[in-house]
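Given the sequences, and given the hints that come with them, work out the whole structure.
Listed below, chain by chain, are the residues.
Protein chains: 6
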Amino acid sequence: MSLLVLTAHPGDFVWRAAGAIALAAARGERPVIGCLSFGERGESASLWRQGLKLDEIKAQRRAEAERAASVLGAELRCYDAGDYPLTETPALTQSLIDLYREVQPTVVLTHAAADPYNHDHATAHAIALRSRVLAQAPGVEGPGEVIGAPPVFCFEPHQPEQCGFVPDVLLDITEVWNRKREAMQVLAAQKHLWTYYTELSARRGLQAARNSGPNLGLPNDTRAEAYQRVFPQVTQVLS
Amino acid sequence: MSLLVLTAHPGDFVWRAAGAIALAAARGERPVIGCLSFGERGESASLWRQGLKLDEIKAQRRAEAERAASVLGAELRCYDAGDYPLTETPALTQSLIDLYREVQPTVVLTHAAADPYNHDHATAHAIALRSRVLAQAPGVEGPGEVIGAPPVFCFEPHQPEQCGFVPDVLLDITEVWNRKREAMQVLAAQKHLWTYYTELSARRGLQAARNSGPNLGLPNDTRAEAYQRVFPQVTQVLS
Amino acid sequence: MSLLVLTAHPGDFVWRAAGAIALAAARGERPVIGCLSFGERGESASLWRQGLKLDEIKAQRRAEAERAASVLGAELRCYDAGDYPLTETPALTQSLIDLYREVQPTVVLTHAAADPYNHDHATAHAIALRSRVLAQAPGVEGPGEVIGAPPVFCFEPHQPEQCGFVPDVLLDITEVWNRKREAMQVLAAQKHLWTYYTELSARRGLQAARNSGPNLGLPNDTRAEAYQRVFPQVTQVLS
Amino acid sequence: MSLLVLTAHPGDFVWRAAGAIALAAARGERPVIGCLSFGERGESASLWRQGLKLDEIKAQRRAEAERAASVLGAELRCYDAGDYPLTETPALTQSLIDLYREVQPTVVLTHAAADPYNHDHATAHAIALRSRVLAQAPGVEGPGEVIGAPPVFCFEPHQPEQCGFVPDVLLDITEVWNRKREAMQVLAAQKHLWTYYTELSARRGLQAARNSGPNLGLPNDTRAEAYQRVFPQVTQVLS
Amino acid sequence: MSLLVLTAHPGDFVWRAAGAIALAAARGERPVIGCLSFGERGESASLWRQGLKLDEIKAQRRAEAERAASVLGAELRCYDAGDYPLTETPALTQSLIDLYREVQPTVVLTHAAADPYNHDHATAHAIALRSRVLAQAPGVEGPGEVIGAPPVFCFEPHQPEQCGFVPDVLLDITEVWNRKREAMQVLAAQKHLWTYYTELSARRGLQAARNSGPNLGLPNDTRAEAYQRVFPQVTQVLS
Amino acid sequence: MSLLVLTAHPGDFVWRAAGAIALAAARGERPVIGCLSFGERGESASLWRQGLKLDEIKAQRRAEAERAASVLGAELRCYDAGDYPLTETPALTQSLIDLYREVQPTVVLTHAAADPYNHDHATAHAIALRSRVLAQAPGVEGPGEVIGAPPVFCFEPHQPEQCGFVPDVLLDITEVWNRKREAMQVLAAQKHLWTYYTELSARRGLQAARNSGPNLGLPNDTRAEAYQRVFPQVTQVLS
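Residue numbers (UniProt numbering), protein chains in the order written: chain H, 1 to 239; chain P, 1 to 239; chain X, 1 to 239; chain B, 1 to 239; chain D, 1 to 239; chain V, 1 to 239.
No lab work stands behind these hints: they were computed from the structure. Idealized CB from N, CA, C, for every residue including glycine. Treat the hints with care, as some may be off.
Chain V is faced by these chain H residues, among others (derived, beta-carbon under 7 Å) [stated by the list, open to error]:
#1 R41
#2 G42
#3 S44
#4 A45
#5 W48
#6 Y84
#7 H119
Lysine-lysine pairs mimicking DSBU-like chemistry, simulated, CA-CA at most 35 Å apart [stated by the list, open to error]:
#8 D:K191 x P:K191
#9 V:K191 x V:K53
#10 D:K53 x D:K191
#11 X:K191 x X:K53
#12 B:K191 x B:K53
#13 B:K191 x H:K191
#14 P:K191 x P:K53
#15 X:K191 x V:K191
#16 H:K191 x H:K53
Shown next, in the form of structure tokens:
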């Protein structure tokens, strides 16, 4: 069992998907994070304002990403594919095909299809979806075996309504909440987001409790992350 | 664990949801079907053409419904609330509140929100959703305890695209397929639908196989039913 | 061949569908207009301001409607079912079931599904759709034979975008444009709408020309009416 | 200048629209709240569990509503039209027509069009919209003058994504935030919602800051409420 | 009269549009198929598993496509523009502009706008739509005369609901059904799809019968293909 | 205060946004128009038919654009980035980033997100949105200061319904209507559009009047332009 998380920037996997990653690790599965850029231009305003150079900024963001991944028990692969704008290239696509075939993910997480506040998020979504389909075909070259059809979940954007994001899955992350909080604290420059995402986890948790049904019966102080499926759920039990 | 199925007509629970019902029964859960009418006007054209009277038609449709429910291992409650049109009344609503509270369902199945080919289906959907919320409130009178918030799944209408039905859950019913076929055969007057729904189960099954991911890995000859959720899924594992 | 037009008010069939009605008449088909109210409260502001009484207003609106229908070569049936609000009742529904069965329409026209500026339009749409389905069932009582499944076209509301109206059919009415203009002139109290709907017919006509393809090849001075289908088109030729 | 707020229950105008109400009062406009029920069945679970009777519950909810309205500087009109379910009746509709004509609102606030968690909210929306249109017509009886076409804003439901709520207006309520907090504190039985709506105001405020443009330039600690328009904005300046 | 069919892969025009092609040929019109790739990577898994090389696979797929086109009475143009991924290039666009101008189509068929299971389908749709508009402009270079505005129909994807495909046209292909079956049988390696698309034609045919209206009155054993329009229908008769 | 208008072609800013531009100029703000191409291929059919060469056509379109901008009191920047198709390139993007930073717009106008009749409009929309976000980031190079988050309004496409355009803002341009008419008259080759857009301004004006509320109270002969927001409105007063 393995979880593949494809994000445009280092922060994305922490704020939006750290719970799912830590849960996978806690179950003994293998989580792998493919980070397409270092967010060196679009999400590093404070570093630029401090006068750092491009390479220094990349190095600092990479170091942070590695610590956060390590807290969550995940491997990190960095692609340094450019930021603001992130651009789809044949070389990047081939790298991701290879990654899919190496990891053989049972579940995939990535950005939502649209984000008018950060177009790199939409680009990362498109690349993740397209390379997944290419990795399924024996006729597409590259090392490793073709993959099956792992389900894909989009994690929650910062301004969900303007991104067409309507959550259809609420994931209970209460068990690994402390782990997510610790990973957030690695991102020391964005302290204001600690509170924001702590509150979001409580709000999504309350929503999970209210929708959880008599069977699961989650309490009101649940912590949760919201996701949106790209493909229909396949199941043997309705619940 | 109990499954509550609310349908406008007897045929609906057989063609569209028999797999889910039989699966629940096979797992030892309690399936209860609330059938709001006998389909005596809208779905009994051949009986009217034979010259039967209203009461005879109702009796015949009820008998059929009881045999089909029995094949599936489910209880049947008939409400005789009128057909073509089915009308929402305070008395019917109260009956369903009482049913919800008696059954305490862990899962609810009903029609999709719209059906321009049969407006009773949309009415049944609205009644099922509204009485579910009323049954949750201590301030609403009636026997029994209030219920929690069981998830609701809409089963597939006959012409799904014109009903705004986009399946987001594909339920593997292979294990109980023979049971569903047997229940369909109870509806002797609608033999042409046996083939139709047999093919549909194969088509939805193939789709389930193609979307099932490396973990579940369903074979191509899977039988499935399609559903659409009303509320977000709450889960502790993404899959 | 027969055309059934179901509208909430007298003006509706003139402004929005007179071209389709006149075309049907010109082809020797039978057009029948079912007018659910006289628009006596919601669309007769100037008559109320003149101090007329309810009965006088109804009589005046009926006379106007009869003249306009006559210009278009159509029969008019008035239901006097109330206005602002128009209310769905079992008696009105039965009248319309009977009308459907009498007329045996090959095509049906009515309002769009929503109109936040006039809720009676939405009510008329719902009644027209529901009684059409009821009229198809042998089990639903009433004189005459059951009907088939005539296609339904929604005509254009006054503020289309706010009503979710997206035209998918543009009907060339150039041939009967003079007839439509004459019918509009019957509605003497609403002179400002003559210009409005003359311009609209030119705008929809230009759109029809631009979308008409090399085969039909309509000229830029075409006059057209816009419609939205409720059910898919069934055809033996793509064009 | 006057603001008319039409809600299903007392709590609604506090949690969802208190900022807009207090702002109107602060500008010297007249805010009037029409509360269709006391929320005596659906939103008074704790009172029922304490064993209170229907009349006692209504009285207590009314007293609370009056205190909250008074804190916000608004008049309160209670319609006691029933709760769980709230039902649209000709008498209620006429009362609201009369209210519209008395208040002559320049702005109207009400619930969003859909809410699968509380169908009374959707009913209140429909009644508010329908009676507004009826109040515009000289042919509809009742005291007072007909009204114009005041813009309508839907306030934010508790689970916005499941209600199809996409905010298109973010209202800066920083100036009256203390007033809103005070009004929330009147609702002593729902202390857990104080935190919830305090956090929501900060989240919507941050969103307002991020979307506010260089001209308005709101700070990050803005407090805001989210709204969705029913009709297009009409303006003389784009901003 | 001529029909232009633009597809990503050889199989597409057989499974999804063979009926429309054979109907055009039967009416004496000129059908031309533009096949952008040979499906050599994405849809030739079995050939790759047999160890064939790229050129052999392309040759085999081309031969098959030619036989199928010949059965249907259509010309085939192959563009060998690459597969998995199919990429939009200025050269390919210019080739298609030239093709449009040479064929002067009265009707165009292509893929639906989205397909999360095969992104080349979406790419083919975009290329087909964009080159059609370019071919209309005198200022865009190339041989031949500019074209008019032929209607465009999207044919049905394999998993329609996940592609946002809602059929608005059902084409009766009963008359040429044998021809379509024969063309399907040319695709010997995909025998399982013969059954699938035979059943689909029956299902869409039954739907066509149910929606066909008293005028056309199709029987229940109709064979049909489903399409979705890109532009509004322009017509002189509502039907 | 400054208004930045980004259009694919010279005509676009005249037909669709001249009112907003003239209003800004009348208020003493600085309007700047960035015109990405000269429309030399797609919108200059009559010039090609007269036998002019590419450079002559560009020169003539540029001269026209300059005269129209001058009438409206706006600066014009031409990017000559190609037409039919307009192509997004890194160089064009950087030019627009620089333009955003130079102008520091308080409001941005551009095309709607989709236009199946002219794909360059959709491309211009995407470029305008993407370069706006890039211009906000300190990490993205170029002269000038980063910008804030100016609101973006899409102006009305020629066939709005087919472009998914639903107006949510109606701008009263009565005050500058003569100025817009004068700018339209500069475009001498497209005389038929003078009438079209004169009628459109009256139609949108009537709609503005009907939606304007008792507060603004616009008269029926208002002239207006329709817009659609990309981001939510942020305001301190609901109106």
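Cross-check of the supplied hints:
Interface hint at R41 (chain H): satisfied, since its Cβ lies 3 Å from the closest Cβ of chain V, which is below the 7 Å cut-off. Taken as an interface hint, G42 (chain H) checks out: its beta carbon lies about 5 Å from the nearest beta carbon of chain V, inside 7 Å. Contact between S44 (chain H) and chain V, as hinted, is supported at the beta carbon level, the nearest pair being about 6 Å apart and thus within 7 Å. Interface restraint check: A45 (chain H) against chain V, minimum CB-CB distance 5 Å, threshold 7 Å, status holds.
Using the Cβ-Cβ criterion of 7 Å, the hint placing W48 (chain H) at the interface with chain V is satisfied: the shortest such distance is roughly 4 Å. Hint status for Y84 (chain H) relative to chain V: holds, with the closest Cβ pair at about 5 Å, below 7 Å. Because the beta carbon of H119 (chain H) sits about 5 Å from the nearest beta carbon in chain V, less than 7 Å, this interface hint is met. Taking the CA atoms of K191 (chain D) and K191 (chain P), the gap is about 28 Å. The hint holds against a cut of 35 Å.
Restraint check for K191 (chain V) and K53 (chain V): satisfied, since their Cα atoms lie roughly 23 Å apart, inside the 35 Å limit. Restraint check for K53 (chain D) and K191 (chain D): satisfied, since their Cα atoms lie roughly 23 Å apart, inside the 35 Å limit. Our distance criterion of 35 Å between C-alpha atoms is met by K191 (chain X) and K53 (chain X), whose separation comes to about 23 Å. For the hint pairing K191 (chain B) with K53 (chain B), the CA-to-CA distance comes to about 23 Å; that is within 35 Å, so the pair holds.
Among the hinted pairs, K191 (chain B) with K191 (chain H) is consistent with the structure: their alpha-carbon atoms are about 28 Å apart, no more than 35 Å. For a cut-off of 35 Å, the pair hint linking K191 (chain P) to K53 (chain P) stands: about 23 Å separates their Cα positions. Annotation: proposed proximity of K191 (chain X) to K191 (chain V) holds, straight-line Cα distance about 28 Å (limit 35 Å). Using a Cα cut-off of 35 Å, the hinted pair K191 (chain H) and K53 (chain H) holds, with the two alpha carbons roughly 22 Å apart.
In this structure, none of the earlier numbered hints is contradicted; all agree with it.
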